[in-house]
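S.K.: Sequence:
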Amino acid sequence: MRIKILLLGAILISCNTKISAERKIKQTVTEFLSAVEKDDGSKYKSLIYKSEEYPGVISMEKHFLQKN
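Quick note on this note's numbering: the sequence shown kicks off at 1 and runs consecutively.
A few of these clues could be false.
What the hints assert, rightly or not - Restricting the straight-line Cα-Cα distance to at most 27 Å, the calculated cross-link-like pairs of lysine-lysine (DSSO-like) are:
#: 1; residue 1: Lys62; residue 2: Lys26
#: 2; residue 1: Lys62; residue 2: Lys43
#: 3; residue 1: Lys62; residue 2: Lys24
#: 4; residue 1: Lys38; residue 2: Lys50
#: 5; residue 1: Lys45; residue 2: Lys67
#: 6; residue 1: Lys45; residue 2: Lys62
#: 7; residue 1: Lys24; residue 2: Lys45
#: 8; residue 1: Lys38; residue 2: Lys62
#: 9; residue 1: Lys43; residue 2: Lys18
#: 10; residue 1: Lys26; residue 2: Lys38
#: 11; residue 1: Lys38; residue 2: Lys18
#: 12; residue 1: Lys18; residue 2: Lys50
#: 13; residue 1: Lys18; residue 2: Lys45
#: 14; residue 1: Lys67; residue 2: Lys43
#: 15; residue 1: Lys50; residue 2: Lys62
#: 16; residue 1: Lys26; residue 2: Lys67
#: 17; residue 1: Lys24; residue 2: Lys43
#: 18; residue 1: Lys67; residue 2: Lys50
#: 19; residue 1: Lys26; residue 2: Lys50
#: 20; residue 1: Lys24; residue 2: Lys38
#: 21; residue 1: Lys26; residue 2: Lys45
#: 22; residue 1: Lys43; residue 2: Lys26
#: 23; residue 1: Lys67; residue 2: Lys38
Hints listed in this document are in silico derivations from the structure and should not be mistaken for laboratory results.
Given only the sequences and the hints, what does the whole structure look like? Please build it.
M.R.: Okay, here's the thing in structure tokens:
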């Protein structure tokens with residue numbers, strides 16, 4: 001009985017974790033596109049992993065997204 005409860009708990013936790021991760025991804029993409037539309041450079045850069053290492057590339061990507 002305890003094993004069934006533990007398995008059920010593990011399944012529920014993994015499902016909630018997956019849903020939470022998907023929700024966070026959707027939120028980040030929405031914030032990213034909103035920052036591009038508003039031309040908010042600091043917000044845009046903060047949403048990209050290690051953006052400070054590639055400032056030229058990030059600037060070119062932002063310009064491309066705004067243009068298209």
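S.K.: CA of Lys26 to CA of Lys38, is that 27 Å or under?
M.R.: holds (18 Å)
S.K.: Hint check: Lys50 vs Lys62, CA-CA at most 27 Å. Holds or violated?
M.R.: holds (15 Å)
S.K.: Would you mind confirming whether the straight-line C-alpha gap from Lys26 to Lys67 stays at or under 27 Å?
M.R.: OK: Lys26 and Lys67 at ~23 Å, within 27 Å.
S.K.: Given the hinted pair Lys43 and Lys26, is their alpha-carbon gap at most 27 Å?
M.R.: holds (16 Å)
S.K.: Just to be careful, I want the Cα atoms of Lys62 and Lys43 compared with a cutoff of 27 Å; is the pair within it?
M.R.: holds (12 Å)
S.K.: Checking one constraint from the list: CA of Lys24 to CA of Lys45, max 27 Å. Satisfied?
M.R.: holds (17 Å)
S.K.: Is the Cα-Cα distance between Lys67 and Lys50 27 Å or less?
M.R.: holds (24 Å)
S.K.: CA of Lys18 to CA of Lys45, is that 27 Å or under?
M.R.: holds (26 Å)
S.K.: So if I understand the rule, the pair passes when the alpha-carbon distance is 27 Å or less; does Lys38 with Lys62 pass?
M.R.: Since the Cα atoms of Lys38 and Lys62 sit roughly 11 Å apart, the hinted pair holds (cutoff 27 Å).
S.K.: Between Lys45 and Lys67, is the straight-line Cα distance small enough, at 27 Å or below?
M.R.: holds (18 Å)
S.K.: For a C-alpha distance cap of 27 Å, please report whether Lys43 and Lys18 respect it.
M.R.: Since the Cα atoms of Lys43 and Lys18 sit roughly 26 Å apart, the hinted pair holds (cutoff 27 Å).
S.K.: Within 27 Å, alpha carbon to alpha carbon, are Lys18 and Lys50?
M.R.: Given pair Lys18, Lys50 holds - Cα atoms ~24 Å apart, limit 27 Å.
In the structure shown, a violation is registered for the earlier hint numbered 11 alone.
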